[in-house]
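Number of protein chains: 2
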Amino acid sequence: MSNLAADLRQRPVSNKPDSSSDQGPSVGAVPAAQVSASDSDEDDLPVKPSKPAPSPQGSDSLDEALKDFSPRWRNWVIRGIFTWLMIFSFAVLIYLGPLALVLVTFAIQIKCFHEIITIGYIVYRSYDLPWFRTLSWYFLFTSNFFFFGESMIGYFGVLLQRQDLLWPFVTYHRFISFSLYTAGLVGFVCSLVKKHYLKQFTLFGWTHVTLLLVVAQSHFIVQNVLEGLIWVLVPVSMIICNDIMAYMFGFFFGRTPLIKLSPKKTWEGFIGGAFSTIIFGIMLSYVLLQYDYFVCPVRYDEAKEALSMDCVRSHVFVISEYTLPETLQGILRLLRLSSKVGSQKTTVSVYPFILHSVALSVFASVIGPFGGFFASGFKRAFKIKDFADTIPGHGGIMDRFDCQFLMATFVHVYHFSFIRVPNPQNIVQSVLMLTPEQQLQVFLLLQEKLLKKGILSNITTTTIDAL
Amino acid sequence: MSNLAADLRQRPVSNKPDSSSDQGPSVGAVPAAQVSASDSDEDDLPVKPSKPAPSPQGSDSLDEALKDFSPRWRNWVIRGIFTWLMIFSFAVLIYLGPLALVLVTFAIQIKCFHEIITIGYIVYRSYDLPWFRTLSWYFLFTSNFFFFGESMIGYFGVLLQRQDLLWPFVTYHRFISFSLYTAGLVGFVCSLVKKHYLKQFTLFGWTHVTLLLVVAQSHFIVQNVLEGLIWVLVPVSMIICNDIMAYMFGFFFGRTPLIKLSPKKTWEGFIGGAFSTIIFGIMLSYVLLQYDYFVCPVRYDEAKEALSMDCVRSHVFVISEYTLPETLQGILRLLRLSSKVGSQKTTVSVYPFILHSVALSVFASVIGPFGGFFASGFKRAFKIKDFADTIPGHGGIMDRFDCQFLMATFVHVYHFSFIRVPNPQNIVQSVLMLTPEQQLQVFLLLQEKLLKKGILSNITTTTIDAL
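Protein sequence lines, in the order shown, are assigned to chains A and B.
Following full-length UniProt numbering, the numbering of the first sequence begins with 1 at its first residue and continues without gaps.
Following full-length UniProt numbering, the numbering of the second sequence begins with 1 at its first residue and continues without gaps.
If you're looking for bench data, these hints aren't it; they were derived computationally from the structure.
One or more hints might be untrue.
To be verified - The calculated lysine-lysine pairs, modelled on DSSO-like cross-linking and capped at a C-alpha distance of 30 angstroms, are:
#1 A/K453 - B/K452
#2 A/K452 - B/K260
#3 A/K453 - B/K260
#4 A/K264 - A/K111
#5 A/K194 - B/K452
#6 B/K67 - A/K195
#7 B/K264 - B/K111
#8 B/K304 - A/K452
#9 A/K194 - B/K260
#10 A/K195 - B/K449
#11 A/K449 - B/K67
#12 A/K453 - B/K453
#13 B/K264 - B/K67
#14 A/K304 - B/K453
#15 A/K67 - A/K264
#16 B/K449 - A/K452
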């Protein structure tokens with residue numbers, strides 16, 4: 001449990017809505033934890049707090065070492081140190097490979113869930129709700145069981161089905177998940193106590209929205225990892241780059257306010273961040289594209305009988321020739337006429353992924369920030385400065401991942417819609433999961449259809465075993 | 001809008017929590033709409049209100065005709081009339097076929113969404129929230145677009161992809177859904193207004209939980225309809241039967257209270273209801289099994305180029321011989337020895353669906369009621385008697401569908417796990433959605449695998465077109 005919780009519990013509880021904001025009578029005000037008075041009055045809470053947070057647990061010795069600095073500078077130093085620490089850890093993770101990344105994604109997901117549930121726990125003062133904590137962890141478990149199982153079956157179904165111990169979990173995965181969930185629902189209904197109905201239902205909803213936001217989206221990250229490290233590394237870096245560059249541009253050139261929710265964000269920062277992110281995305285993609293390690297998906301290799309990251313590159317990661325659009329060709333011709341050099345070039349060679357990276361950058365810098373605005377609005381709604389104080393100088397894990405979840409979902413949907421080529425091997429594997437009779441039936445049906453379409457021809461004889 | 005809303009608006013609003021129940025200071029009390037004083041004090045609100053509801057809109061002339069009855073009897077008559085009206089409408093719907101059922105499922109889903117959102121709207125007094133209604137209808141639209149699209153692509157993908165107008169919607173369905181949803185999210189963030197943050201986020205969560213409960217589950221009903229009318233007709237009737245029989249048994253034999261949440265429910269009703277439902281389920285299934293109309297799924301018929309409900313019966317709907325378990329055989333032998341008649345019979349002939357219907361009955365009568373308890377607890381939490389007053393004598397549509405949604409999800413998962421046989425035709429159709437090169441690749445890979453496994457043999461020549 002965080003200091004935040006302890007902090008909130010000690011404060012006198014006020015039932016009256018804060019006078020500065022009319023939250024309506026239905027939902028009372030939450031004590032303004034971690035929000036210094038000046039912040040909440042002036043309403044200039046930055047999304048990234050630049051004022052010092054009450055000294056977090058992990059950095060006591062750091063505080064000691066930095067005691068000569070002014071509080072503002074001290075926080076900057078702590079924030080800087082932990083920024084580099086995070087970037088370094090991320091690099092180590094990438095080096096360790098997909099499995100490590102998947103495990104860390106789980107750890108982050110659980111911590112984010114914990115942070116949001118703790119806020120609900122405090123906001124609705126649910127200390128005496130029977131079974132509340134047990135039930136929310138149980139729902140976290142069942143939803144992970146469901147989502148993780150679905151991913152694993154999607155990717156490694158045939159492999160898993162071969163294991164004596166695992167096949168019932170593969171075959172009846174949805175039924176088991178549903179039964180587990182229903183048991184939780186029955187548990188919730190049985191835990192209802194007359195005087196707490198409203199709180200219990202509110203927190204039931206709170207838990208489910210959190211599951212939808214955190215658990216569902218974190219599994220998209222897992223799937224992106226399995227599709228190739230580049231599908232995680234590039235988007236994650238884009239969000240970080242956009243955050244930093246938007247801040248820099250805003251700091252030096254910021255004049256025009258962007259959105260009331262985050263008064264420190266400016267149009268100048270927004271636009272500068274977007275351009276920087278596009279350029280950074282292209283450069284980073286170009287570097288990563290040179291290594292198979294980043295572009296190969298994790299697949300089960302039948303020959304080696306092990307998971308493998310060897311692959312023949314998908315066409316997305318191989319240089320292709322693109323014909324330039326007419327107008328661009330015209331402009332180039334004019335330029336060449338005036339300079340009187342160069343041959344008539346109408347095509348350009350580029351990795352298709354570079355073009356996709358521009359689409360990702362645009363989302364990261366135009367829509368991505370709305371993930372941050374959403375989190376920012378949420379924190380203001382419940383009058384908290386950060387989700388927690390897990391990372392010194394940065395707030396909770398959730399404060400750093402607000403945009404990452406939305407971005408991961410975008411990457412997942414983008415990959416599913418525009419990149420994924422149905423893998424013939426996967427389809428064949430799904431056929432091999434049928435009974436022998438059905439396998440034969442599929443084969444004969446397919447043969448008939450392909451013959452009719454002229455894709456296959458001149459099959460002389462196809463004798464079939466009597467099975 | 002219902003009378004309920006108007007009723008609530010006219011009452012003086014009290015911010016103080018109700019003294020009889022400690023809902024905690026965070027969430028204020030809701031005016032006790034439609035709850036008569038005695039009801040809320042004695043806490044004996046039945047799930048099905050037997051006291052008269054304030055005269056609903058639709059039944060003014062009925063009220064006039066029934067004015068000589070006592071209020072209690074009047075409500076019983078109204079309730080009875082509308083019960084039969086609903087059963088009759090349901091029968092007509094079944095007669096009209098799957099398409100009509102799907103359309104009505106949509107209508108019910110929209111009405112349920114409307115009822116729950118209206119409660120949120122009233123509970124949190126959100127009359128002046130900017131864009132709230134527009135946004136919640138928009139989210140209803142996007143989630144329906146997503147779920148309905150997913151079902152249709154799953155069932156009729158190949159057919160839809162052939163249409164010039166529809167193929168982009170099939171190919172990019174998830175991308176379009178995600179874009180629509182993200183637009184809603186951006187709209188929500190832009191609609192945030194400082195003084196309403198907390199209400200806006202609360203209702204955002206409220207909307208999403210409702211979508212999860214109502215929209216997601218209603219699409220399982222749609223899928224069940226497509227799998228064959230029996231998969232909807234039997235479970236829906238089971239829930240109704242269990243409701244009625246549990247009430248009857250409770251009325252005549254009820255002594256031992258079952259759950260605090262619904263003080264009028266008894267163990268006697270629960271057990272009597274369960275046994276009645278199992279017997280009723282077997283009888284109804286046996287009747288419906290005689291007609292192809294109820295057991296055939298809706299499929300696209302390539303030959304007819306139309307949707308069709310002709311089918312070769314799945315093995316679930318064909319009489320099979322089952323070997324009796326040893327112990328049962330022993331008991332039968334003993335019985336026969338004593339009566340000295342009958343031959344040694346060790347097998348029994350039965351439709352497999354009859355056995356499945358027992359599993360469905362058990363769920364409908366053991367877990368199903370928890371759907372009702374959940375709804376009941378929800379209504380108590382927000383101090384409302386019914387979700388709305390849509391059906392005279394019955395309350396809102398949601399009051400009649402609380403258990404049906406949970407049941408539909410169970411049937412869907414049960415069908416998916418235990419009944420669904422991967423349809424060779426479907427797999428072939430998914431192959432035909434690939435490019436010709438990939439189709440050929442799948443065919444050759446499959447041929448190789450089947451040859452290796454000995455399922456296919458002695459293929460002499462397979463000449464392939466140069467494409």
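Hints, one by one, checked against the model:
1. A/K453 - B/K452: holds (27 angstroms)
2. A/K452 - B/K260: violated (66 angstroms)
3. A/K453 - B/K260: The hint is violated at about 66 angstroms.
4. A/K264 - A/K111: With Cα atoms ~28 angstroms apart, A/K264 and A/K111 stay inside 30 angstroms; holds.
5. A/K194 - B/K452: Judged against 30 angstroms, a Cα distance of about 65 angstroms means the pair is violated.
6. B/K67 - A/K195: violated (39 angstroms)
7. B/K264 - B/K111: holds (28 angstroms)
8. B/K304 - A/K452: At roughly 18 angstroms apart (the allowed maximum being 30 angstroms), A/K452 and B/K304 satisfy the hint.
9. A/K194 - B/K260: Holds: A/K194 and B/K260 sit about 8 angstroms apart, inside 30 angstroms.
10. A/K195 - B/K449: violated (64 angstroms)
11. A/K449 - B/K67: violated (70 angstroms)
12. A/K453 - B/K453: holds (28 angstroms)
13. B/K264 - B/K67: holds (28 angstroms)
14. A/K304 - B/K453: holds (19 angstroms)
15. A/K67 - A/K264: holds (28 angstroms)
16. B/K449 - A/K452: holds (23 angstroms)
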